[in-house]
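Visitor: Assemble the whole structure, with the sequences as input and the hints as a guide.
Taken in order, these protein sequences are the chains called A and B.
The letter at position 225 of the first sequence is residue 1033 when you use our numbering, and the numbering goes up by one with no holes.
The letter at position 262 of the second sequence is residue 1070 when you use our numbering, and the numbering goes up by one with no holes.
Please keep in mind that the hints were generated in silico from the structure rather than gathered at the bench.
C-beta atoms are modelled at their ideal positions from N, C-alpha and C, and glycine is treated no differently.
Please note: incorrect hints may appear among the correct ones.
[To be verified] What follows is a list of derived Cβ distance ranges for each label pair: (1) A844(B) to A844(A): 56 to 62 Å; (2) E1134(A) to D1125(B): 46 to 52 Å; (3) R816(A) to G859(B): 32 to 38 Å; (4) G958(A) to Q1139(B): 46 to 52 Å; (5) D1129(A) to R816(B): 24 to 30 Å; (6) D947(A) to S1006(B): 49 to 55 Å.
There are 2 protein chains.
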Amino acid sequence: MEDRVSKRPTIADVARRAGVSKGSVSFALNGRPGLAQATVDKILAAADELGWRPSNRARSLSVSKAFALGLVITRDPAVLSSDPFFPAFIAGVESVLSTRGQALVLQVVMAGESEEDGYRRLAQDARVDGVFLSDLRHDDPRIDLLVELGLPAVTLNRPDGESPFPAVILDDRPGTRAVVEHLVELGHTRIAQVAGPSAFVHATARATAFVETLTAAGLEPLTETGDFTAAGGIEATRRLLALPEPPTAIFYANDRMAIAGLGAAQAAGLTVPDDLSIAGFDDSELAEYVHPGLTTVRADPYRFGEAAALTLNQLVDGAADVPDTELPPAQLVVRGSTASPPV
Amino acid sequence: MEDRVSKRPTIADVARRAGVSKGSVSFALNGRPGLAQATVDKILAAADELGWRPSNRARSLSVSKAFALGLVITRDPAVLSSDPFFPAFIAGVESVLSTRGQALVLQVVMAGESEEDGYRRLAQDARVDGVFLSDLRHDDPRIDLLVELGLPAVTLNRPDGESPFPAVILDDRPGTRAVVEHLVELGHTRIAQVAGPSAFVHATARATAFVETLTAAGLEPLTETGDFTAAGGIEATRRLLALPEPPTAIFYANDRMAIAGLGAAQAAGLTVPDDLSIAGFDDSELAEYVHPGLTTVRADPYRFGEAAALTLNQLVDGAADVPDTELPPAQLVVRGSTASPPV
DNA sequence: TTGTATGCGTTATCAC
DNA sequence: GTGATAACGCATACAA
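Guide: Here's what the structure looks like:
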């Protein structure tokens, strides 16, 4: 009567109830061969009656696994707070983890810390079995770091250097090319881009695709660099509009800069798209609802997260050669913010 | 030479090196009394030389703690994908957790699941020592659930029913009142709001403050309900603008709806703020950069997260009576989207 | 099939 | 007052 609180049953309880040993219980619960069917049934019935559930903690200790994956986010709160990528990416990751009883550990790197510190913490605390490597930089030092830490990882897109980790790839370039071709077809000849910081692989991928497509069309590319924030988008836009011959169309490396740029253009008295065409990248929620609707490039961060989690789990499960995964490339979405240039 | 891989040192290693027992090592490392100072020094030196770090897993198992806190987020892509609150809130939470070696576990509730399932998973898997309770609903069933699960929690704002959990409070009402008064001072007499779903405590807090302030000013409140998404903001805006006597000012319960409403108004041929004043709530990044800049209400989700983590940790650490924490209330930020009504 | 050792830190008990 | 010893929590690998 006293013991009503009944702590969680352990395999020892199950074993006692089924009249077998702990080892047998473990075998039965994991469906391993070597036990008579009758014994298995008896054990499973006992476990069921007791409502036994495995203990993550004990399992973690005995198999040296965390049953969790980690995501390190470095961006400062301002940047973090309106990036449309991560929340959807995380939802995709969770869709995989929840089916396996895994957890997602978020590690936010604080101001003044290096991103590497975040991974180091996750590794030292043995908090996760593997990590997602996002926002790859050129010659990304995190790859060597993770090798050194012995932490499995999957890279979001392919790094430019050597990498022992599988990559999940969502090619930004077809979408970028499509934007540029769309603008060229509309008749624009002075087309600018506001690129992301050149340290990032995906930023330069988009920037290079922009330049190459424009050059292939026989046009002169014009490039300003932003920092993916709205404030940066505004500044880059002002610089472009202050040129002696300002562009008639601007492609931004993400929607946040594009929407800010749209605001800056309107604030400068320009009408979009009549005076200036604007295109973004991401197809974030607001892109559809600002006025005019933002022409942009749509990726699928949810599937990206899903694929990344599946790939990383193969590695965590000990697969030898985990292949890269290629996702459908980003696609152009045409809305009202792009039109033919003023005559 | 062979053993260069050198697995992590354990307290047994430290004990051997210091020439004492495991128990003594534990006492020394935890600063518990009962050891001679010389012995303590010897042990700490040995631990230091070996680079000993406690194993989370073993600690978790022996003290029955996860050293992690949990946040459950519903995977409504709309809510998740561009809500400016969570990322900043999370950064604030992490600023506290990182100093304590705790981790943040994110639990995303998948479509078709109830939010309660998320908490249940965290509790059953014993993944966390406590959880944050956000987006409180009226008579929120999660409170009883968490009591039943025995999971400590902190509520973001105060629930309307009984609650055994401490609350961290950021009062939305002063900001809401300030918006309404600002609009009234500008001379508006037909002021509408697009409220959030009435199931949420914070949504009705804002909605009620709106109605009360307007009524106190002798004006007739006009209310439409949105769902906090951009699409919902658009629809509510269209309904308002289609009225025989449309409002000259609209207050939205969040910036996403407001920015979408701004787009809808502009798409309908209205000039903001000349024909229609618009105000939001959140002061999200883009609020400053759309055109015209969005008059809105600024809260501080980073401090909110910080305070919530501190409060929750007191509870987790076993404090008996953890007091509520009151944060500075949300404040009005006036930008270009509000002006006097058309004459 | 069973019993036992293992992984690791904490804590209760006991001896000097 | 000091410190050692052993049990505990839990699942699993492996020898018996």
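Visitor: Which of the numbered hints are not met once you compare them with the structure shown?
Guide: Failing hints: none at all.
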